[in-house]
Each structure stands twice: as C-alpha cells, then as structure tokens.
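Here the numbering used here is used: the first residue of the sequence shown is 1, the next is one more, and so on.
Quick caveat, the hints were computed from the structure, so don't treat them as lab data.
Any given hint might turn out to be false.
Here are the simulated lysine to aspartate or glutamate pairs, EDC-like style, with alpha carbons at most 20 Å apart [as the list claims (entries may be wrong)]:
hint, residue 1, residue 2
1, 87, 61
2, 54, 71
3, 87, 169
4, 54, 37
5, 89, 162
6, 166, 192
7, 38, 51
8, 40, 77
9, 66, 28
10, 89, 51
11, 107, 124
12, 93, 71
13, 87, 180
14, 54, 184
15, 66, 44
16, 224, 94
17, 166, 71
18, 38, 188
19, 54, 44
20, 89, 169
21, 40, 192
22, 87, 71
23, 89, 180
24, 93, 159
25, 66, 77
26, 89, 184
27, 54, 77
28, 38, 169
29, 54, 28
30, 93, 188
31, 89, 175
32, 93, 37
33, 89, 44
34, 40, 169
35, 87, 188
36, 38, 61
37, 93, 77
38, 93, 175
39, 93, 61
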Amino acid sequence: MNQVMRLLFGWSLILTILFSSVRIVAFDASFYAQFYEKTKLADELGVSNQDLNKSMAMMLDYITGKRSNMDGTMVRDGHVVQIYNAKEKAHMKDVRQLYQNAMLALKICVGILIAVPCLFYIRERTMKKVIANCCVGFFQSLLCFGVFLLVIGFWALTDFTDFWIKFHELFFTNDLWLLDPRTDFMIEICPEALFSSLILRIVVVMLAGFVPCALFSIWYMKRKAPIGYSL
Numbered sequence: 001m002n003q004v005m006r007l008l009f010g011w012s013l014i015l016t017i018l019f020s021s022v023r024i025v026a027f028d029a030s031f032y033a034q035f036y037e038k039t040k041l042a043d044e045l046g047v048s049n050q051d052l053n054k055s056m057a058m059m060l061d062y063i064t065g066k067r068s069n070m071d072g073t074m075v076r077d078g079h080v081v082q083i084y085n086a087k088e089k090a091h092m093k094d095v096r097q098l099y100q101n102a103m104l105a106l107k108i109c110v111g112i113l114i115a116v117p118c119l120f121y122i123r124e125r126t127m128k129k130v131i132a133n134c135c136v137g138f139f140q141s142l143l144c145f146g147v148f149l150l151v152i153g154f155w156a157l158t159d160f161t162d163f164w165i166k167f168h169e170l171f172f173t174n175d176l177w178l179l180d181p182r183t184d185f186m187i188e189i190c191p192e193a194l195f196s197s198l199i200l201r202i203v204v205v206m207l208a209g210f211v212p213c214a215l216f217s218i219w220y221m222k223r224k225a226p227i228g229y230s231l
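Just need the whole structure built from these sequences, with the hints factored in.
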C-alpha cells in the first residue's frame, strides 16, 4: 500500500509541475510578441504588429476562458478582414476543451499532493517517514518520466514535424487541426519554429521544478530519512 501511495504522490507532483509549466509558458503573451518581433512575421504577413499580437491574445484568452468567442477583425494588405474563419474557431474549441481537461487534472493532482502526506501521517505518525515516503515516490516516478522525456525529446529534435503530427493525432479525434496557410491565418501566426521554441521553454521551466525536488529527495534520503527508507 505504501508503494502505491508513494507513486501516486510522485506522479502527481510530476504532472503538477508539467501542467504548471505549460500554463506558465504557453500563455505568456510576451513570448509570442518577442518571437514575432525577432522573425519580423508581421511584415511577412502584411499586418501590423498590433494586429498580430491582438490575434494571438484573442486565441490565448479564448483557450483560458477569458473570452467566449474568437470574433474580431484586422487590417491585412490594406483590407479589413476577419481574423479567424469557422474551421479555425472549431479547432480552438477542441483546444479549449483539452486545456480545461488539463486544468482539471492539475486540480486533482494538487488534491492528491495534499491527501497522500496526510494519509502517510495517519499511518506513520512521524513527519520524517512522511517526507521519506514522498521523496522515494517522487524520485522513482521521476526516473520513469525522465526516460520517457528523453525518448520524446530525441524524437522531437530529430523530426519535429512527425512528432507534432502524432501529438495532434493522439489528442484530437478530427482533422480540424490540419490547417492550410493559404486560407487559415492561424497556421501562419503559429509556425513550426514557434512551437519548437515553445516546447523548449516548457522543458526548461519543468527542469527548474524537477531539479530542486530531485536534489532535495536525494539529500533527504541520504541524510535525514529513518532507517529502512532508501531510494
């Protein structure tokens, strides 16, 4: 039973860091603004920087529920046009649902992170054993996740396009994500280079969460854990 609770805590902490990292990075408007400025994408697309940033902000706000629709106009090549078409809006509805599911999972994980130590304390009656159990669970889970992350990372680095296609096929049951740059503005403002940079930043933020937790776990198990508790 203790091992199940350990792994439950460990994987919940990993997923909490993962989902939080995605939330922090993916919805940072300054990241997109800097990317657009660096790549001069507005000039390439025939829109102003203001309209380009507005278009991305509209998308992000819709995903997070800050706005109820993606209706809006911009000036492109001297003409006032709708920013997003029906297909793009339908796809973002799916993305919004995926985000909501992820945030629900995050809340559940946080609940587990609170509940498991409490259950350990009821069983063990000492904080040293509670912390030791949690550290062991996290470290064991992190080793498994680390292998998974290495495989995914190698895949993305060697063939990001294939990785990105398989990602969409896994999480979406329709083909609305197959956008056409000739007709869909969304794919033009979200080029592959943007997503690869985004994922790299997410990994960096994740590591900033994982490394301190892993170092603390190792230190605690070596120096502070009661006899009988080891990694």
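Quiz item: For the pair supplied as a hint, residue 93 and residue 175, is the alpha-carbon distance within the 20 Å limit?
Solution: Judged against 20 Å, a Cα distance of about 13 Å means the pair holds.
Quiz item: Does the structure keep residue 40 and residue 169 at a Cα separation of 20 Å or less?
Solution: 31 Å, violated
Quiz item: Are the Cα atoms of residue 166 and residue 71 separated by 20 Å or less?
Solution: Violated - the C-alpha atoms of residue 71 and residue 166 are around 30 Å apart, more than 20 Å.
Exercise. Decide if the proposed pair is consistent with the structure: residue 40 and residue 192, CA atoms, cutoff 20 Å inclusive.
Key: Status holds; Cα separation ~15 Å.
Quiz item: Given the hint that residue 54 pairs with residue 71, does the C-alpha gap stay at or below 20 Å?
Solution: 12 Å, holds
Practice problem: Decide if the proposed pair is consistent with the structure: residue 87 and residue 61, CA atoms, cutoff 20 Å inclusive. | Solution: 18 Å, holds
Quiz item: When you check the alpha-carbon spacing of residue 89 and residue 169, does it fall within 20 Å?
Solution: 18 Å, holds
Quiz item: Is the Cα-Cα distance between residue 66 and residue 77 20 Å or less?
Solution: Violated, because 29 Å separates the two Cα atoms, which is more than 20 Å.
Quiz item: CA of residue 66 to CA of residue 28, is that 20 Å or under?
Solution: 14 Å, holds
Quiz item: Is residue 224 within 20 Å of residue 94, Cα to Cα?
Solution: Judged against 20 Å, a Cα distance of about 47 Å means the pair is violated.
Exercise. Sort out whether residue 169 lies within 20 Å of residue 38, counting only the CA atoms.
Key: 31 Å, violated
Exercise. Quickly compare the C-alpha distance for residue 93 and residue 37 to 20 Å and report which way the hint goes.
Key: 28 Å, violated
In the structure shown, a violation is registered for the earlier hints numbered 5, 11, 15, 16, 17, 24, 25, 28, 32, 33, 34, 36 and 37, in ascending order.
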